[in-house]
Amino acid sequence: MIANIGFGALFIALITALYGVAAAIYGERSRKAAWVDSARQAMALSFPLLTITVAALLYLLLTNHYEIAYVGEVSSRSMPVYLKMTALWGGQSGSLVFWSWLLAGFASAVTLGKWDRDREFLPWVIVVTLVTLAFFLILSVFFENPFARLWQLDREIVTSFFRPVGALPFVPRDGRGLNPLLRHPGMIIHPPMLYLGFVAFVIPYAFAIAALITGRTDDRWIQLTRRWTLWAWLFLSLGLVLGARWAYDVLGWGGYWGWDPVEISAFMPWLAGTAFLHSVMIQEKRGMFKQLNMVLIILTFDLVIFGTFLTRSGVLSSVHSFAQSAIGPLFFVFISATLAVSLGLLINRWNDLSSRNELKTFLSREALILFSVLLFMGILVTSFWGVIFPLISELVTGQKVTVGPPFYERATGPLFGGLLLLLGICPLSAWGYSSWKTLRKLVWLPFLISLAAAAAALAGGIRQWQAILAFWLVGFSFSVLIYELIRDALARGRRYEQNVFDSLWGLLKRNQRRYGAIVIHLGVVMMALGVIGIESFQTETQATIPEGGRMELASYTMTYQSLETFNTNDGRNVARAVVSVAKNGQLIDELYPRRDFFFDSNQQVTIPGVRSTLVDDLYIILIDWKAISQEGATFKVFHNPLVKWLWIGSWVFILGVVIAAWPERKSKKIRKSKPVPQGGMLS
Amino acid sequence: MRIQKYYQDVVVMVLVMMVLSLSAVPAGAQGSTPSDDQVNEIARELYCPVCENIPLDTCGMEVCEQWRGVIRDKLSEGWTKEEIKAYFVSQYGDRVLGEPPRRGFNWLVYVVPPVVFVVGVYLLYKGFRSWKSQDDDRLLEAERAADQGNADEEYLSRVEEELRGRE
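Chains Y and S, in that order, are what the protein sequence lines are. Start counting the first sequence at 1; every next residue gets the next number (the working numbering). Start counting the second sequence at 1001; every next residue gets the next number (the working numbering).
Since the hints were made in silico from the structure, they are not lab data. Using N, Cα and C, we set each Cβ at its ideal position, and we do this for glycine too. Be aware that a few hints might be false.
Label pairs and their calculated CB-CB ranges [to be verified]:
id : chain 1 : residue 1 : chain 2 : residue 2 : range
1  : S       : Met1061   : Y       : Ser354    : 22 to 30 Å
2  : Y       : Lys583    : S       : Tyr1087   : 47 to 55 Å
3  : Y       : Leu451    : S       : Arg1044   : 33 to 41 Å
4  : S       : Leu1123   : Y       : Ile486    : 35 to 43 Å
5  : S       : Asp1037   : Y       : Leu655    : 55 to 63 Å
6  : S       : Tyr1087   : Y       : Ile486    : 36 to 44 Å
7  : S       : Met1061   : Y       : Val171    : 26 to 34 Å
8  : Y       : Glu409    : S       : Gly1104   : 21 to 29 Å
9  : S       : Val1115   : Y       : Glu552    : 28 to 36 Å
10 : Y       : Gln152    : S       : Gly1104   : 46 to 54 Å
11 : Y       : Trp444    : S       : Met1061   : 52 to 60 Å
12 : S       : Val1115   : Y       : Ala340    : 37 to 45 Å
13 : S       : Tyr1087   : Y       : Val341    : 45 to 53 Å
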């Protein structure tokens, strides 16, 4: 019954979306506002309808309805309630419905906005958003129905929503349970964040397409969607960071990012979105490069769909499994169609979008932003090519190849370095013009301070030139950002006779974008410090030692004290080792690396014991052990210098985005933008 | 279908391992037993063909453990890192390597990103030349003004002007 209600609502949502598309186009073409309003109501309705679907699926998960195939795949009786809820997005068909539900949320929110001044956009925003929603709903209704039931037919178990002729209902006693790797707080929040980021980018794209169709190609669409874009970016960033943290905590390989195709598929829209966020500033400030912004938002949207396609179609494991999966070819068609239509519209409006681009110097703010866009695009092309090359190779030569971290690290390392350098120079340059002469006056102090970072690296015994250069870059960018903050605060403090903190607070409140951006960039620099630390100086060792035996790594000595195995009442068998950690002969900590074996899914998870400080992380994994023998246990130990800064930086970064995206206190009417000659970083 | 293929792969590999372990010279016959670190150093650069995109040193599957055993055996027989990697390539194909070997079609993976990037740089350079204003006098004047003015005052009024503009 509940499954029928859920599926019914899903089906009605699809019909409503298709109706909305038709009504919006008809209303716009025949100039009948009532039809457009009707389409708007249809779009507003999508969220309540899909909320019924999601609620029904949640109910089935929470009440152990294992006759529903999806429930049995991702849930089991022994799972706690919160995990049963997260099982909603723990498998294919659930994730697709969840994706649609979030998109519907944004779609409904868009209809609530004030449209009086931008009515010409409305029908096309509805069309683009609802076409995207309808595509995902078609996948759910016809191919990946989360409400499909299990049936017994001639001794075979078949999956179908409707009862096949002669079939009997089949109700398993228990489900297989969520993949244990997914039973982690990071994994619980990571997919929703990523999906929120993905779907939120649909809205700025819809506005961009509306601008292209209506020919209203001024900055209005950018102003209207600036906050959407920032929130989308925030969620996507959070999703990536949480995914990295999950990998570090659960996957047990001592790292946070493995350049895995699934990771890259979420990283690519982020890269394009980040380039877009930066390049729109040139249009807002100087009215230039409108075509570039269109290209970037179209790219971001299609990479969002491409990312979902990569992870959902099975194409990554083999091009052949892609062909066999029902949804793979559909995704392919949808991506090709949206890309072709978007680019067609763009070419059609190319001349309308052309502006008198004028760059006076290579060091002006807009020129430096263009350089950064180029670098982001360089990383994007490398990532894209690295992900699809194995598929091309398999198609062309029949030979599968692996494109792993060494390829990406070598190819993108210098580009990331370039971005870090630009991050340091950009805040000092002005819009319009900036030359070496004007820049020199500002750059010398942060430059001198940054030399201290390089000197510290040298004094610390570091001899790799790449690492020294990287530390210098971090020092330089950090000094520039702090220098900017202090300079602003002092200048304002002098004028209003305030102390530095009051004046900083005052600045922050009056220009969230600029200071949000400074905080974001400070976060990036801290993250860079963490990445450099772990990438350049990670060491590891592995050994099998008896109880009381020792291992050494960096300046630490680890002693294997004991190991116990026990069953828990949530269906796990846990093997937990006790390892004491000493530094320079002094006992400083005790760590508990463990391995959890989950009975329901017959899978195991390795949870490392981690001692984390601002200087380094000691990360111990229990690889193996021999019960009741003298052989002892096998441990793998990683020494990860500075990696904590990656996590601290991530939170600073997120804080910065929240500052920049937070609604300003005074509700201001958006003015028609006028190019302002000079200004702040994101202002 | 995929699962079936996967199990086939596993079975074939386990059989190969068994044959190998039977034919292998007893460990330590030609040298001391290699340490886990020595094994991992090689395993890190190899990828399991069964589990997608997981380096062999971190893969927890039994078959990968046997692979590491093969590395250990080969090391104790005196094989070098390159010989062991070549052996795995001959057994399971190029996909066991972290990067495609630099030959033939594979060159594309290395060539395309830099070429695209260089084209991007060139386009930007061309753009800069055409976007650069002819009006250099104005620039010079502005620079001169910036030189002469009180930098601090100028900066402050810039911030203030901008803040005013936002209200």
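Could you see if the CB distance from Y/Lys583 to S/Tyr1087 stays within 47 to 55 Å? violated, 41 Å
Given a hinted range of 21 to 29 Å, is it respected by the beta-carbon distance of Y/Glu409 and S/Gly1104? holds, 24 Å
CB-CB spacing for Y/Val341 and S/Tyr1087 relative to the 45 to 53 Å hint: About 51 Å separates the Cβ atoms of S/Tyr1087 and Y/Val341, which means 45 to 53 Å holds.
With 36 to 44 Å as the target window, see if S/Tyr1087 and Y/Ile486 comply at their CB atoms. violated, 60 Å
22 to 30 Å as the expected CB spacing between Y/Ser354 and S/Met1061, which holds or is violated: violated, 57 Å
Do Y/Trp444 and S/Met1061 keep their Cβ atoms within the hinted range of 52 to 60 Å? 56 Å Cβ-Cβ, so the 52 to 60 Å window holds.
Consistency of beta-carbon spacing, S/Gly1104 to Y/Gln152, with hint 46 to 54 Å: Check passed, 52 Å falls within 46 to 54 Å.
At the C-beta level, are S/Val1115 and Y/Glu552 separated by a distance inside 28 to 36 Å? Violated, at about 47 Å.
Does the Cβ pair S/Met1061, Y/Val171 satisfy 26 to 34 Å? holds, 33 Å
Do the beta carbons of S/Leu1123 and Y/Ile486 sit within 35 to 43 Å of each other? holds, 38 Å
Given the range 33 to 41 Å, decide if the beta-carbon distance of Y/Leu451 to S/Arg1044 lies inside it. The hinted range 33 to 41 Å holds for Y/Leu451 and S/Arg1044, with Cβ atoms some 35 Å apart.
Return holds or violated for the Cβ distance of S/Val1115 and Y/Ala340 against the range 37 to 45 Å. Check failed, 25 Å falls outside 37 to 45 Å.
Checked against the numbered hints given earlier, the structure breaks hints 1, 2, 5, 6, 9 and 12 and satisfies all the rest.
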